[in-house]
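Protein chains: 2
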Amino acid sequence: MALKTLKDLFLDELRDLLSAEKQLVKALPKMAAAAANPVLQSGFEKHLRETENQVERLKQVFEVIGETARAKTCVAMEGLIEEGGEIIEEDAEPAVKDAALIAAAQKVEHYEIAAYGTLVTWAGMLGHKKAVTLLSQTLKEEKATDDKLTQLAETSVNPAAARK
Amino acid sequence: MALKTLKDLFLDELRDLLSAEKQLVKALPKMAAAAANPVLQSGFEKHLRETENQVERLKQVFEVIGETARAKTCVAMEGLIEEGGEIIEEDAEPAVKDAALIAAAQKVEHYEIAAYGTLVTWAGMLGHKKAVTLLSQTLKEEKATDDKLTQLAETSVNPAAARK
Numbered sequence: 021m022a023l024k025t026l027k028d029l030f031l032d033e034l035r036d037l038l039s040a041e042k043q044l045v046k047a048l049p050k051m052a053a054a055a056a057n058p059v060l061q062s063g064f065e066k067h068l069r070e071t072e073n074q075v076e077r078l079k080q081v082f083e084v085i086g087e088t089a090r091a092k093t094c095v096a097m098e099g100l101i102e103e104g105g106e107i108i109e110e111d112a113e114p115a116v117k118d119a120a121l122i123a124a125a126q127k128v129e130h131y132e133i134a135a136y137g138t139l140v141t142w143a144g145m146l147g148h149k150k151a152v153t154l155l156s157q158t159l160k161e162e163k164a165t166d167d168k169l170t171q172l173a174e175t176s177v178n179p180a181a182a183r184k
Numbered sequence: 021m022a023l024k025t026l027k028d029l030f031l032d033e034l035r036d037l038l039s040a041e042k043q044l045v046k047a048l049p050k051m052a053a054a055a056a057n058p059v060l061q062s063g064f065e066k067h068l069r070e071t072e073n074q075v076e077r078l079k080q081v082f083e084v085i086g087e088t089a090r091a092k093t094c095v096a097m098e099g100l101i102e103e104g105g106e107i108i109e110e111d112a113e114p115a116v117k118d119a120a121l122i123a124a125a126q127k128v129e130h131y132e133i134a135a136y137g138t139l140v141t142w143a144g145m146l147g148h149k150k151a152v153t154l155l156s157q158t159l160k161e162e163k164a165t166d167d168k169l170t171q172l173a174e175t176s177v178n179p180a181a182a183r184k
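Quick note, the sequences are listed as chains E and G, same order.
Using our numbering, read the first sequence as starting at 21 and increasing by one per residue.
Using our numbering, read the second sequence as starting at 21 and increasing by one per residue.
If you're looking for bench data, these hints aren't it; they were derived computationally from the structure.
A hint or two may mislead.
A pair holds if it fits inside one copy or across any two, identical chains being indistinguishable in the list.
Unchecked claim - SDA-like cross-link-like pairs, simulated, lysine to any residue; straight-line CA separation at most 25 Å:
#, residue 1, residue 2
1, Lys-149, Ile-85
2, Lys-42, Arg-69
3, Lys-168, Val-140
4, Lys-150, Phe-82
Bound-form chain E, shown alone (with noise of 0.2 Å):
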């Protein structure tokens, strides 16, 4: 049996963030490249640094629970990153452009906001501390990013893009 334990569906969802947050590491250059703003193109550059940091912390839980950092490839991850993807091939207006690019990095981070909230939950209830912390220091990182992008929309990708 796969999933025995809570245990064993604690690994098996750290190993599809791993899969997620690797992908991401990979998809954000594109986003940034793909922005008109200069601000949210920064975010993106910086969010990427972030989320190198990130996958290092993963890596830090596997260790501290004493397993081993294996990531199982997150599906889920795939169809957000592919649909902003069609984003960036999209032939759009430039402002109108930065608009659905934080509506997909918004989704991404809904997505790891969920993930990364259960997992404390799990980890809690498995008792591991350390690893607690260590996740509700990047859940507290992408509830801020998310803030960041809505902000962003609201004082100036949106207005521009409501101009086209």
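Following the hints, complete the assembly by docking chain G onto the known chain E.
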């Protein structure tokens, strides 16, 4: 040019979400059938009826903005549902599978929270007041579903999974 204005983008996102909700209508009965916990099972069934209603509400949004209700395949939701399908097929302890089903469902809810949040903002900027009301109503429901899933996980499903 496919996305020349914010109106084009709003319409594109509406079509994506119509596809996403329709996919969910097909997936939820399978999630309900795979759930062992009776509260979770009836929760999925209740959310199915709510989702059917959300499809109708989306069609009303198309109507109030004077556009034809047409879906455009949402690849992100395809990925999310495929992930849910993997869990359904998984050989797992029933209580552990329930915890996994909740995690998958919360990722779906978060996708929708991000999507409806964006749509409410764009509808407001475009001056579609009736659309704002309709979309906000669904956004509220999605958040409530996410909260209910968290509560069920914490009070009953996770503790049962942790005993495995």
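Structure-based check of all given hints:
1. For the homomeric pair Lys-149 and Ile-85, the shortest alpha-carbon distance inside one copy (10 Å) is at most 25 Å, but the shortest distance between copies (51 Å) is not.
2. When the C-alpha separation of Lys-42 and Arg-69 is checked against a cutoff of 25 Å, the pair qualifies only within one copy, where the shortest distance is 12 Å, while the shortest distance between copies is 37 Å.
3. Taking identical chains as interchangeable, the C-alpha atoms of Lys-168 and Val-140 lie at most 25 Å apart whether they share a chain (23 Å) or sit on different chains (18 Å).
4. Taking CA atoms no more than 25 Å apart as the test, Lys-150 paired with Phe-82 passes inside one copy only; the shortest distance there is 11 Å, against 49 Å between copies.
Of the hints listed earlier, there is not a single one the structure fails to meet.
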